[in-house]
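Number of protein chains: 2
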Amino acid sequence: MKNVDLLVLGHTAFDYIMEVKEFSKINTSAIVEKMETLNGGAAGNVAVVASKMGLDVGLISCIGKDFKGSDYEKEMLEEGIDISDMIISEKANTPTAFVLTNPEDQQMFYFYWGAAEEYKKTEVPKEAINNSRAVHLATGDPEFNIKSGKYAYENKKLVSFDPGQDLHLYSTKDLSEMLKHCNILFGNEHEIDHICDLLEKSVDELLEEGLYMIIQTLGDKGSVIYVKDEDPLTIEVVKTKAVDPTGAGDSYRAAFLSLYLRDNDLRTCGRFASAVSSYIVETQGTQTNIPTSDQALERMNDNWPIEDY
Amino acid sequence: MKNVDLLVLGHTAFDYIMEVKEFSKINTSAIVEKMETLNGGAAGNVAVVASKMGLDVGLISCIGKDFKGSDYEKEMLEEGIDISDMIISEKANTPTAFVLTNPEDQQMFYFYWGAAEEYKKTEVPKEAINNSRAVHLATGDPEFNIKSGKYAYENKKLVSFDPGQDLHLYSTKDLSEMLKHCNILFGNEHEIDHICDLLEKSVDELLEEGLYMIIQTLGDKGSVIYVKDEDPLTIEVVKTKAVDPTGAGDSYRAAFLSLYLRDNDLRTCGRFASAVSSYIVETQGTQTNIPTSDQALERMNDNWPIEDY
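Protein chains in written order, with the working numbering: chain A, 1 to 309; chain B, 1 to 309.
Where hints are given, some of them may not hold.
Once the Cα atoms are required to be at most 25 angstroms apart in a straight line, the calculated BS3-like pairs of lysine-lysine come out as [what the hints assert, rightly or not]:
| no. | chain 1 | residue 1 | chain 2 | residue 2 |
| --- | --- | --- | --- | --- |
| 1 | B | K68 | A | K68 |
| 2 | B | K25 | A | K68 |
| 3 | A | K34 | B | K150 |
| 4 | A | K25 | A | K2 |
| 5 | B | K34 | A | K25 |
| 6 | A | K25 | B | K68 |
| 7 | A | K91 | B | K25 |
| 8 | B | K68 | A | K21 |
Hints listed in this document are in silico derivations from the structure and should not be mistaken for laboratory results.
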């Protein structure tokens, strides 16, 4: 892998968003009225948004042969994301999420992890980590994330961690080990609370023990940035017409890191992240409405005029 | 389209065969343990097998942008199937079938027709029909099939028709109109019976009124070929270890036509078709175990040594 600002590790996935008339019952068939195939996976989302925000990005995910030649691959290559170290399964397909929604807005979810089983056989990507300034660990295999995070941390990289919906895959011991070797923890309301519960520690105690920063995103209630011995920094949401919240959190993380790695103050990083994620929720899909860096800056400045600083 | 022996009209589809631990319940997620994406669609199946059996084949199906660059497209191009007149939807994806099976072998089916809505806006492919010797109408849009069949029949092409699982989409009037303009009707046990019921006619009456031949495939009980004023010709199945019957019928039709268009007698056509379909059932998927023409001939000759004729 070439030299990058940010190396992202974790899932790259295809998302199938399906509208059904009704759900299939056993041994009967049902009609899918509408189907969209979208690019997804938390690591893929972070990589694409961070790259659009101007970072040089590398991405390592477990993918299947079906990724080769896909639109998703093409978009990543056009975006200039370094995917030369992707882990390619010979047998399984790329992780895929199927989300079925009926006219009553009830949903069913099927997750196929497929190629993700390859993480277990994969060594720490030392060269890629050595060639990066920062490493972001998204949803993915806990063991792979922990050992990669540890190597990165010991080699003085900035390490950020976002267990996301995979939090339940981490044992208390895993989490404790992970947090010893990272600088920034991202999570939503429930995830940060759950981590504190599991470790029987408060946010302040976690910061005491070595984490530099905890960032809690709160959906339409904005976000809070916690740093040791400082007052929590509250970032308001940028109000917009939300259609689909999926991917908002990933885009927040990517946008935050993109300014943080360029030495902006935390308030600006958070506000910029808030502006970027406000675009993401305006359409269905996690990568369908990514703003340019200029658009996001403009929306941030409209929302927080200079006199508000 | 170039000159072809057989033009196939109807569905080309992707098949997703998924093994789940359990089915998703409303608002909960379920894990897909194994997923295979296979090439399918009745018209696609017939085209690929007929081509492997040595016919020059053209295929017209409604497909989405996702077909471009897919392995399915590559295989068709390598096989030399003329897909230059495929109908490509700008908005929808290629028809896709999702088959979910739980450990108790219960199944759920979801069908996405997507691009198939384009048939309604599509004119009869006159040039392609003019350039072909025979036209096979597989599952697809009834109206498109009927008008294409009529044009082909009136222009002295051999027309075969297989409504398959789409039979319920045809009104009695549609069926009557279709059968007036075709030479060969294919169907399984239930389908031929159902057609006779709908039209209130026996097989003999249908043959009286113009159909040249009715071929009924009976799964592991073989097949029967009906021709006017002749005794029904029974073709035994070629016994094998069956894993998945999907696609057996399509391969039978393709193989039958491939010999029939080369002026073989009906018994040989049927036995060859039976030999080809015995390969198809040996693996999961409709196009995963297509024999070469030589392999099929050899199996046919092993099964029916020359002294049995």
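Going down the list of hints, with the structure as the test:
Straight-line distance between C-alpha atoms of K68 of chain B and K68 of chain A comes to about 13 angstroms, which keeps the hinted pair within the 25 angstroms bound. A distance of roughly 33 angstroms separates the Cα atoms of K25 of chain B and K68 of chain A; the hinted pair therefore is violated under the 25 angstroms criterion. For the suggested pair K34 of chain A and K150 of chain B, the alpha carbons sit about 32 angstroms apart, so the restraint of at most 25 angstroms is broken. Restraint check: the Cα-Cα separation between K25 of chain A and K2 of chain A comes to about 50 angstroms, which exceeds 25 angstroms; the hinted pair is violated.
Of the pairs offered as hints, the one joining K34 of chain B and K25 of chain A holds, with about 20 angstroms between alpha carbons and a cut-off of 25 angstroms not exceeded. Between the alpha carbons of K25 of chain A and K68 of chain B the distance comes to roughly 33 angstroms, so the proposed pair goes past 25 angstroms and is violated. Restraint check: the Cα-Cα separation between K91 of chain A and K25 of chain B comes to about 29 angstroms, which exceeds 25 angstroms; the hinted pair is violated. Restraint check for K68 of chain B and K21 of chain A: not satisfied, since their Cα atoms lie roughly 28 angstroms apart, outside the 25 angstroms limit.
Hints 2, 3, 4, 6, 7 and 8, counting from the list given before, are not met by this structure.
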